[in-house]
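Colleague: The primary structure of each chain is shown beneath.
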Amino acid sequence: MDVDRSKLAEEVLEVIITEGKIDRSKITSNATLESLEVQSIDVVMILMAIEEKFSVYIPIDGSIAEAKDLTSFVSSVVERILEKRD
Amino acid sequence: MIDVQRLRVVVTGMGSVSAAGIGVERLWNAARTGQSGVGIAHLPRAGSNRVNLAAQVKDFEPEAFIERKLLPYCDRFAQLAIVAADEAMAQAGIGRDHRLGERTGVILGTAVGGITTIDDLCYTDLVLKARTDPLSVPRIMGSSAPSHIGMRYGCTGPTYAVTSACASASQAIGMGCFLIRSGLIDRAIVGGSDSSITALNIRAWETLRVLTPDCPRPFSIGRNGMVLGEGAGIFVLESEATAFARGATVLAEMAGFGTTSDAFDIVRPDVEGAANAMRIAIADAGLVPEQIDYVNAHGTGTVANDNVEAKALRSVFGPRLRELAISSTKPIHGHTLGAAGAIELAITIMAMREGIVPPTINWLGPDPNIGSDFDPVPNEARRRPIGAAMSNSFAFGGINSCLIVVPAP
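Protein chains in written order, with my numbering: chain U, 1 to 86; chain V, 1001 to 1409.
Source of the hints: derived by calculation from the structure; they are not laboratory data. Here the structure is a predicted model, which is why all the values come from computation and not from measurement. Even glycine gets a Cβ: it sits at the ideal position worked out from N, Cα and C. Mixed in with the good hints, there may be bad ones.
As the list claims (entries may be wrong) - Far from chain U, some chain V residues (derived; all Cβ distances over 10 angstroms):
#1 Gly1023
#2 Leu1070
#3 Gly1222
#4 Arg1223
Unchecked claim - For lysine to aspartate or glutamate, the following DMTMM-like pairs were computed, each having C-alpha atoms within a straight-line distance of at most 20 angstroms:
#5 Lys1311/V <-> Glu66/U
#6 Lys53/U <-> Glu10/U
#7 Lys84/U <-> Asp1214/V
Construct all of the structure, not just a fragment, from the sequences and the given hints.
Modeller: Below you can see the structure in the form of structure tokens.
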């Protein structure tokens, strides 16, 4: 299960980097969406790609809106994917 | 010269079609008792939408209300408007036996007009490759609803559609009020109508990520988006002298209108623009914030709208905020877009007439971002005398519109 989760987190992170056009050199353990220059329209595009890849609808509100840094953003997306699978 | 600030405008009729059913009475009962019209959407065709919630008008049979020969010319949004207009005119005591003439105008809001007909047109032509509806053009045009209602009652005064997304109906009502105050007309049929519950439209909204996948809960902790609705709300506005001369029963006074534009962002709301629209409306009614008892909020249930609206209300009302009853009735009738300002004004007028504040249902608890000085009238209606009430509408594109009503003079 934990292996599943970390593999999923890696896949989600890849989608975020690609769709959010994030500069990999700027990714640190405490990187925020702001420091990575991710804007709300980028989040909309990221969630569209997540939906295509994982077949899950995630609204921009709720736990996503609360996520201020990259780590919590990834984990709230992972949570929603796992919820959908259950 | 006419003093536009002095000429009183009154409401003599109201009509509505919504997820609560046909009629203002059903709408008000649903709002007061917290009966939600949100359910699994019945869609004309399946699509790629994942969200499947909407507040639809159920079991609507237009043939029961509208002449069969007229129906092919009417998109569903126009049908809903006609049915609501007939209710409003019947309440106002105005029949179809004589033409109302050039002193009566018709001004209705719509955000997306005949979008269901566009959806059908695309499907028929591009997918089925079949013969398309030759009446598509008169069905699609956003001004079809005011034109049909004008023909029905012989109104030859200023007739047009206002389209400003979710502020459409509120601005249409405000403009009708201003035209009467200016002395240009004596009477206006105003309000708004929208019907856009198709798979394609739900998909368009959900890819913006603003739809809730489970439950709309405005101003609440844990809210995660809005739900689409459809419907119409129509009012008969008249100058007080016109209503008095024909012995009409006055339901409320249309006391104030304020409208502004953020000129800031096409989708993100702005505190100052919304606050200024409220301030202008309150001043236009000749009131001060301390005199407002109830606000029917725009309250979509998205994080962005509700946070900004709460800040704007705090900026306008200051310490009065604690004593203000504020509710969003959108979980009852859905977000009806270009009809929202009208459907919600009907609820606001009923709340004031009955001294009952309708609740914000589905509320789970306070959101720290909204603040503890904010009373959303959670989950249950409350008795409260209302001396003045405000209805807020804030739209994508940054257009804000607020209406103030007070009891009949």
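Colleague: Please go over all the hints and tell whether each is borne out by the structure.
Modeller: Results of checking the hints against the structure:
{"no.": "1", "hint": "Gly1023", "in the structure": "holds, 33 angstroms"}
{"no.": "2", "hint": "Leu1070", "in the structure": "holds, 39 angstroms"}
{"no.": "3", "hint": "Gly1222", "in the structure": "violated, 7 angstroms"}
{"no.": "4", "hint": "Arg1223", "in the structure": "violated, 6 angstroms"}
{"no.": "5", "hint": "Lys1311/V <-> Glu66/U", "in the structure": "holds, 18 angstroms"}
{"no.": "6", "hint": "Lys53/U <-> Glu10/U", "in the structure": "holds, 13 angstroms"}
{"no.": "7", "hint": "Lys84/U <-> Asp1214/V", "in the structure": "holds, 13 angstroms"}
Checked against the numbered hints above, the structure breaks hints 3 and 4 and satisfies the rest.
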